[in-house]
Amino acid sequence: MDSGLNRRTVLRLGGAALTVTVLPRPLSAATIPETGDLPAVLRAHFGDQRPEPGGVRLDVARLVESGQSVAVSVRALSFDDPPTSLYLFMPRNPEPFGLRADFQPPALPELATRVRLSATQNLTAVGHWADGRLHAESVTVMVTRGACLDDNYGQWVR
Amino acid sequence: MGTLSLPLRVALPSTVAAGEVVSLRLLLQHPMETGYRLGEDGARIPRQIIQSLRVYYADRCLADLTLQPAISANPYFAFSFIADRSGPVRIEIQDDQERQLTDVRELTVVP
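The listed protein sequences correspond, in order, to chains A and B. Count along the first sequence from 1, add 405, and you get the number used in the numbering used here. Count along the second sequence from 1, add 1, and you get the number used in the numbering used here.
Hint data in this document are derived by calculation from the structure and do not stem from the laboratory. A virtual CB, placed ideally from N, CA and C, is assigned to each residue, including glycine. Each hint should be verified, as a subset may be incorrect.
[Unchecked claim] Simulated restraints on C-beta separations: (1) B:93 with A:476: 35 to 45 Å; (2) A:510 with B:30: 43 to 53 Å; (3) B:41 with A:444: 31 to 41 Å; (4) A:462 with B:67: 18 to 28 Å; (5) A:457 with B:106: 31 to 41 Å; (6) B:15 with A:455: 42 to 52 Å; (7) A:537 with B:41: 45 to 55 Å; (8) A:547 with B:88: 41 to 51 Å; (9) A:452 with B:67: 15 to 25 Å; (10) B:67 with A:476: 13 to 23 Å; (11) B:41 with A:464: 36 to 46 Å; (12) B:75 with A:462: 24 to 34 Å; (13) B:38 with A:470: 35 to 45 Å; (14) B:106 with A:510: 15 to 25 Å.
Chain A extracted, bound-state conformation (with noise of 0.2 Å):
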């Protein structure tokens, strides 16, 4: 008996087709989480024009054990040239536009606040200068507990 498909080549084969389909899922899964539509979202509010890294700092925790009030500090790089208007967006919120802010000099372009966070995302900080200058700051805060656990959470994560 000697067809090439015996019982060790099928075994063979099978253990290298699993390994190939099985393997990058759980990788993938561990190493990126779902941190909702960036682009979709500052796109719907700046139009084509994308923010440019650098200009705003973002200082938040990166993991939160609960979305329902997470410390946040925005503020402009430069107080020589400030932005006239700072921005905070939360992606996979049901609602991802969280605040805006104007600012008049004597004000020091920087604001601290606490923010709902529906699910792990990118929270981002927008900057806009008087110039049409836009800069942004992201960071990926993993949330433990969103913010809207109830009976419909799934509802309200995008």
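Given the structure of chain A, go ahead and fit chain B onto it with the hints provided.
Leaving out everything else, chain B in the frame of chain A:
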């Protein structure tokens, strides 16, 4: 336009030196009801949020905030500004039913 009556705590020094960076912290007692939660009876709890907060200092608008339900219940805000003259610091808060709350503190700036 009605008046909004809710506890507001304001942390602001009364006297500062000219050129000093002043920190203003506000803590409001407000549910910031999102409009997404369901009550005991299964009905949607209507949205009720603070939607605007403005800070004026010596008749200049320092900060004009537009707020959405993503701001936590009992909202907290910290601002900073440079003291350049004595004058009132006025805080104006408005909810989504157009009710207003105004709070004024005096800031004395010494040279």
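Which of the numbered hints are not met once you compare them with the structure shown? 1, 2, 13
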